[in-house]
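K.L.:
Protein chains in written order, with my numbering: chain A, 632 to 1046; chain B, 3 to 82.
One should not assume that every hint holds.
What the hints assert, rightly or not - Lysine-lysine pairs mimicking BS3-like chemistry, simulated, CA-CA at most 27 Å apart:
| hint | chain 1 | residue 1 | chain 2 | residue 2 |
| --- | --- | --- | --- | --- |
| 1 | A | 809 | B | 82 |
| 2 | B | 72 | A | 792 |
| 3 | B | 16 | A | 957 |
| 4 | A | 809 | B | 61 |
Note that these hints are calculated values from the structure, not bench results.
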Amino acid sequence: MAFTEKTRGIYSEILTGLKDAGLFKQERYIHSSQAADIEVEFPTGAPLKKVINICANNYLGMSSHPEVVKAAHEGLDSHGYGMSSVRFICGTQDIHRTLEQMVTKFLGTEDTILFPSCMDANAGVFEAVLTKDDVMISDRLVHASIIDGIRLCSAMHDTFKHSDMEHLEEKLQLHNDKRLKYVITDGVFSMDGDTAKLDKMVELCEKYDALLFVDDSHSSGFIGKTGRGTHEQYGVMGKIDIITTTFGKGLGGASGGCVSGRKEIVEMCRQKARPYLFSNTIAPPVVAGVIKVLEILSASTDRRDKLESNTAFWRKGLIDAGLIIKAGDTPIVPVMLFNAKLAQDVSRDLYEEGIYAIGFFFPVVPQGQARIRTQISAGHELHHLEKALEAFRKVGKKYDILGKSKQEIIERYGM
Amino acid sequence: MDNMHEIIKAYVIKEYVEDDTELTYDSPLISGGIVDSFSMVSLKRFLENKYNISIPDDKATPEAFDSVNKICKLVSEYVK
């Protein structure tokens, strides 16, 4: 047997190292469906606790929306549980193509291809459309899945400082001799909640004959006046060459993702993208659920409007309480605590108060930028947010961080 | 120290250092986490353009790029 005691020891040592460094991730078991109010078993074996969830990507409250659940049931009945195939052998149903067409219309692009997840879309797209004659120039804070996709691609890769348009322009000049130049960014950055300056990026791409890639996973469904994403917010719909996004956040919360954009690029993915070619099609009930989500969001902006007002209420409430948050207007609202242990202590105490929010610290965010990342949902009612604010005030008072500057918090708790 | 050392050090600081980390000619750039391996490419291209040289890919290793001193040594091999 190859898995000897020595092998076991090697892995045990690594895992112990993660625990000692405070980097060991532990799952918390949720016994209810995903919603503003959830029932959690934590630690394992503990009695169930009813808490308010303010750390889900359930931005539009679609994860358990009754119409979406009903549509998924109907999809299950009409199209079955799974397809037991990749798309191009015998895994494409009418509803897969319907969903691709609906996403194309919703995002205002030319064509769309579904992937099992946006992680897969990002992992597969670059290798499918770029060669060693090309260059990828990415923002330094893009999501891990994009970094993985870049690693899998033979094109040259360079980076620009986060949201620094002068630096991006320097890089476009530096690499101007390349056959194809792709500028790569998140639409909304998941850790800070800020948005990419897409209007400026489109200008630069036009000036230097470059293409623009945007991962809009934390935007689709709610950013922009009708929720189409960051390209709508910045007035550049139709000018983004590739948009990747997920159906696992605002657009339903189950799973699946896509590449949407220029039709030739989408076709290249259909021919060459390995996660598309070598993994199963999205399950029919999920497809049916996302179709319903897009129908709901296309018919009315009520949910994104509610999310917008909830977000404004939440941001103002935290600022009024004397907490430091990252500026912006997206529903990702990081409460800055700077010190990793403080972030973990505050998260634990919030949980005691019935609020489920997680601390993030190095290496997920830079050293000295530990935080509680809160995420607001259209599924939250004002009483949820008021209770959560009350908990933040109580816990903040306990740790004496209300009204304190970054410097004062660091002096007391360290980086 | 000569001009090349200062030019390369200034480029590294401008390009990669986002806090007040002090840099010497011997500071470990790649192994010290100042320059990530992704970003080495722009450093290589900068050197090639600046000194009108071509550094073969197999010579542009993380080890060869790990300090200003090492980079200068590498570049000097190709400058005519």
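K.L.:
All the hints need checking, so say for each whether the structure fits it.
P.N.:
Status of the hints after comparison with the structure:
1. 809/A / 82/B: holds (26 Å)
2. 72/B / 792/A: Distance of about 25 Å is within 27 Å: holds.
3. 16/B / 957/A: holds (25 Å)
4. 809/A / 61/B: Within the cut-off at roughly 21 Å; holds.
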